[in-house]
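**Q** These are the residues of each chain, in order.
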Amino acid sequence: MAQTLLRLEDLHTQFFTGRGVVKAVDGVSLHIDVGETLGIVGESGCGKTITALSVLRLVPEPGKIVSGKIEFRGQDVTKMDDEEIRDFRGNDVAMIFQDPMTSLNPVTKVGFQIEEAMTAHNRFSSSAAKSRVIELLKRVRVPAAESRVKDYPHQFSGGMRQRAMIAMGLANEPSLLIADEPTTALDVTVQAQIIQLMKQLNRELGTAMMLITHNMALVASLCQRVVVMYAGRVVEEGPVEQIFTSPQHPYTWSLLRSVPRVDEARKDRLVSIRGLPPDLVNPPPGCKFHPRCPFVIDRCRVEPEPPLEQVATNQVARCWVLMSNVKEEDIAAAKTSALSLDAAKILKQDLAVAPVDEVPSNAGN
Amino acid sequence: MATAIGIAQPVDWDVPEQTGLWKDAWIRFRRNRLAVAGLVVVIILVVMAFGARLPGTPGGLWKILHLAGDPFTQDVTNTYALPSLQHPMGTDILGRDLMARVFYGASISLTIGIVVQFLILFIGGSIGMAAGYFGGWIDNLLMRFTDIMFAFPDLLLVLVFVAAFGPSFWSIFIALGLVYWTNLARLVRGQVLSIKEKEYVEAAIMTGTSPLKLIWKHLVPNSLGPVIVTLTFGIPAAIFTEAALSFLGIGIRPPEPSWGVMIEDGYAGIFADPLQVIFPAIAVAFTMLSFTFIGDGLRDALDPRMKR
Amino acid sequence: MAVTAGAPLRRGVLPFIAWRPKGRTATLAVYIVRRLLWMIPVLFFVIVITFFLMHQAPGGPWDREGRQLSPAVVNNLNIKYGLDKPEWQQFLLYVWGAAHFDFGDSLQSPGQHVSTLLLESWPYTFTLGAATFLLLVPIGVGLGVIAALRQNSWADYTALGMATVFASTPNFVVGILLIIVFAIGLNKLTGGNFYLPTGGLPEPYNPFQVQLLMPVFTLGALPTAYIARLTRASTLETLRQDFVRTAWAKGLKGRLVVTRHVLKNSLIPVVTALGPTFAFLITGSFIVETLFSIPGIGRSFVTSIESRDYTMILGTTLLFAVLIALVNLVVDVLYVFIDPRVRLSD
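Protein chains in written order, with this note's numbering: chain V, 1 to 365; chain X, 1 to 308; chain D, 1 to 346.
Read the hints as simulated data drawn from the structure, not as lab findings. Cβ atoms here follow ideal geometry from the backbone N, Cα and C, with glycine treated the same way. Check each hint, because a few of them may be wrong.
[Said to hold, decoys possible] Here are some chain X residues pointing at chain D (derived, C-beta under 10 Å): (1) Ile-123; (2) Leu-159; (3) Gly-260; (4) Val-284.
I would like the entire structure built from these sequences, with the hints used as guidance.
**A** Rendered as structure tokens:
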């Protein structure tokens, strides 16, 4: 049994807005083992980024961690004082953000921004930190690293900036690297390079990774285990192969159906999830996914939300129905009835405000 | 690429009611208490000013209603009177009723402040549109000219203009228009340039639509918001400049009771009776502040980037 | 992003100006030279506009209230100062003189050079302006930063409320209220023992004197409030930026996050606002010097307008235009140093 590195227990992070309390993270429990790669997937607004920010206690105003435990190597992050949390950030757990174009300070040299990540902590002396900057940039394959350290962010391309961000994240050899949509803002070719790089770093340095993404392909290529989130809750969790081959929660199933797959070319139609993620101030009663679920039964609407239950070895799901119980013809019917174009039309009627392209955007890469 | 999974693209699940742009702006404006307070003050000022100049009422409506005296009638037996029921703000060095004069002054300040904006809109709008539309050497010439105007401190240029045209209401009016158009010209030029770059405009021009008509059609709705905001902030600037000119003795001349003239008069006798200068001074400051609040409110209401 | 303030020359105006060398220092040097050269046509047009407007003005330099000069005397004076010549000749003569730094004699103070008179009043205006500038930048920036860092606290509300009121209160109103409270009011309250002086000759080049207290406050209240509001808005905006979150995520100390990441970015727009602030101080000096009877350039400009002292008006306008152009140039060059994204080419 691997050693647990980070454990979230019943984490609640809420935003206190004028409209009411937004329950962005609503009782999330998960764990990452040492050296493990965990993917957290879900649509935008499902609380995955806020979960990650909660780990570093960087939830923006008016958000607050309301209750729950964040245990890192047995120490509760929520109870750390200012100095402890400061030394924890970037040292034990580092984070890479979505948009490399805006995540670097435009008026400070890239090299210095990486160096600063080290001098903030005591792991390296200031002279060691200086020479390590070039080493780090070389490790993330920034060409001509020696001269690039003196450049400003605007002199870097998007891919180079994300490499610099990764170098910054790795600077203190953290045990956990949280990557929030690390490739979303990049070109497809650059995406592949960055994924390759992260894979290699995980292998070579044994850094555990928490990868936050909506990109199922990225999860498949990089992660060992995956957590699916919906409306601030974990709805399914399990090893990657298992989740991909036999998803049990209809939401996971729909997520996977909505991604084009090269190996299945044309055999299956793409399915899109109709409707929008629920309002987190007033979530629907019962299972929060039921208004959008193609396999909804009465129980989902009436009874309280189902618990997370073991559905297979190492796999848990939060559903009354479970995909293994759905008949083949129902699945086929769901595939035809909920196919993207129809759903797009329904959505258009539902929401005159938000126009949807005629061609559904199901290209999650 | 890289959109959310499925069609569920818009994640802004706080879907607002579909309201018109202006209705929406008005709702946002109303939420800004200071802006609403500013608007109320301005409306009161307009009523005060209108009453003081109401045609067919010698001495103004307020005198007829016995709410204030006559701004021009002197009473040498009652100079520097303290505020009383008969003269709520007291009287000045010549025994004229101060409140009547402050009301009358409001008409000058408001007229200058607001009406000048139309002149500014005309001058700045035409220059900006010509520069943006024609581009090339015309743009270059007009923008260099704008740069030269920027080389002057604005009050200095107004002083020179007013000196050249002679001290009168109209010369101040024209001078303000001739000096303060630069910001608006730059704004409009920028808007025209950005519209010109839009692909649908290029496409429409290629299909033979008149470019001028097309740009006008897109320019008006796109730049109305920023133009209104710029002009609203121009009002306190114009009111200030008029008062400053009159205070320096170069603007409107006595006995016409502009606030600036009253401040100049009152300042001369400040040691004898400080009250005289306080009322017009506070009137100027209050009016400017009110317009600034309205401008702030309009900017927040009309600028979608500030949308909360 | 190119420097927009001021007036970069467009391609093809003069071939040798369009020549562009390599290297940052050389680029900067060429940029400065180009901007200095661009000042020549600007100043020429400043003369054109001011000259013809002034000669347009009703009345002339020899009109006196009360006693009128006899036509013969006026004629002699006109001949002496060249005002008998056609306007275009006068104009060319003035431009020729100005090109040789000869700005003529004042028409109101016979025998006195305009430059001499300006030099005489310069110390007062400079002292007033410098003292105000030295106070307004740290106070305005400080208040703005504190308000932004403690957003929605009482400190923020106080600073923002004061800044909003002062940013739209005309300086003569501020000055008058100060005089009423601190000169007249204190004088009465203390029986004439303690009050602030309302005017008189301040000592030149000494920013620390009680004489300057009220004038400096009067002149500086509005620009300080403006800078404070600008700093607050810009700092709040920067605090929301992704790179600030990156800085926190690195585990930097709060002080370093604020100084290295927030302020280094949020003060850039404040620096660019210093140009307009300077111009504002110049026009403010007209009013403040009149209000507090300070014999500086601003006050003498107002009197020379009233008395149609053409040469003084032109000289003062030119001086102000040069000062403003130079300050804008300094600000733009400063901008290049604090924002690495700025390129000097157009």
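**Q** Please go over all the hints and tell whether each is borne out by the structure.
**A** Against the structure, the hints come out as follows:
no.	hint	verdict
1	Ile-123	violated (15 Å)
2	Leu-159	holds (6 Å)
3	Gly-260	holds (8 Å)
4	Val-284	holds (6 Å)
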